[in-house]
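Top line first, the protein sequences correspond to chains A and B.
Quick note: the first sequence uses our numbering, first residue 1, plus one each step.
Quick note: the second sequence uses our numbering, first residue 1001, plus one each step.
Read the hints as simulated data drawn from the structure, not as lab findings.
You may find that some hints are simply not true.
[Unchecked claim] If you want the footprint, here are the derived chain B segments under chain A, 3+ residues with CB under 8 angstroms:
hint, segment
1, 1013 to 1024
2, 1032 to 1042
3, 1104 to 1111
[Said to hold, decoys possible] Distance ranges between label pairs, derived from CB positions:
hint, chain 1, residue 1, chain 2, residue 2, range
4, A, ASP51, B, TRP1037, 21 to 31 angstroms
5, B, TRP1037, A, ASP57, 14 to 24 angstroms
6, B, GLY1054, A, ARG17, 45 to 55 angstroms
[As the list claims (entries may be wrong)] Not the full set, but computed from the structure, chain A residues with beta-carbon under 7 angstroms of chain B:
hint, residue
7, MET1
8, THR2
9, GLY32
10, CYS35
11, ARG60
12, THR139
Bear in mind that the values here come from a model prediction, so they are computed numbers and not experimental data.
Backbone N, C-alpha and C define an ideal beta-carbon position, used for all residues, glycine too.
Okay, here's what each chain looks like letter by letter:
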Amino acid sequence: MTPEILNSLARARAQHRPVVLATRIAPADAAGAQCLLPDPAAPAELNSAADAALAADSSRTVRAAGAEWFLHVHNPSPRLILVGAVHIAQALAPIGAMLGFSVIVIDPRRSFASPERFPGIAVRTDWPDEALDELRPDTRSAIVTLTHDPKLDDPALDRALKSPAFYIGALGSRRTHQARLARLAALGHAQPALARIHGPVGLSIEAVTAPEIALAILAEIVAVRRGAEIGAKAAA
Amino acid sequence: MSDLENNPAQIEDILALAARWRDEGEEVALATVTETWGSSPRPAGSQLAVTGSGRMAGSVSGGCIEGAVADAAAETIRSGRPQLLDFGISNERAWEVGLACGGKMKVFVEKLA
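So here's chain A without its partners, still in its complex pose:
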């Protein structure tokens, strides 16, 4: 791999631009050649294979232009957006980062949203609805509300429901959640849209501590992202 390819790849990743690193792996005498796709100068066959690999988020070997190519997908990290810089967020942020998420914490209450409580994590102190309008959650975003305060959680969930985020979770008991759904319905959100909200949030693992609750939430997020069958939660 040449320094030029490595630098272009690093630049694309820093700019959160989806790219494919194509490496010719066979025939052996021509192995090692590389390029970044999409590239108008590359064979159309290779570009369309790269588009398909990016869309499926899956690296693969393809035969194109008389050779065998490995297409290594470099999609931007999925995002984990946490509303509420609370104790559980302090556990969610590092575990989420370890799982490969780009983590963003939103809380206008500066005493909670202090950088010291979230080392190395992006923390924003604007209002959740304004922050989400700016962040524009996409199909690779997960959003979890954690404040228990309708003034903060509700506007965030309103924006989350208007986005294509692949996961929306809201911390709170079943009773809190029913009240929350009623308020969101009053904002004009109907079923089945409201059913997108995972509440109570996380897998049922009898979590007690903040890191255990974070684990339950992230396990659910991973399961949804990977399309796993999750057992139905026990009735209240």
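Mind docking chain B on chain A? Use the hints.
The following block gives chain B in isolation, referenced to the frame of chain A:
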């Protein structure tokens, strides 16, 4: 240890770590899983970086073939030539190395120039 190695968020970013090692003056080879069949623990795109001094990061399997891949990496570091390694039950070398899961996989090894 560098910040990169300390940061848990970078555990999966083997390429960045390999580039860092090279910038520190090490000779580095990068092994990438390019194809898998049947039961194999790591998907295509998984990477293992190996340096001339013997540092390693990442994985291409559950541990069964890392040793053989590291040997191939040392050879690629010496020769500068990339290699496409084939591991599977039909392959005698793989038998020796032991892909216990019964899967098959291909691993591409290249040197960082």
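Cross-check of the supplied hints:
no. : hint                                      : result
1   : 1013 to 1024                              : holds (count 3)
2   : 1032 to 1042                              : holds (count 3)
3   : 1104 to 1111                              : holds (count 4)
4   : A:ASP51 <-> B:TRP1037: 21 to 31 angstroms : 25 angstroms, holds
5   : B:TRP1037 <-> A:ASP57: 14 to 24 angstroms : 20 angstroms, holds
6   : B:GLY1054 <-> A:ARG17: 45 to 55 angstroms : 35 angstroms, violated
7   : MET1                                      : 5 angstroms, holds
8   : THR2                                      : 5 angstroms, holds
9   : GLY32                                     : 4 angstroms, holds
10  : CYS35                                     : 14 angstroms, violated
11  : ARG60                                     : 6 angstroms, holds
12  : THR139                                    : 20 angstroms, violated
Checked against the numbered hints given earlier, this structure breaks hints 6, 10 and 12; the rest are met.
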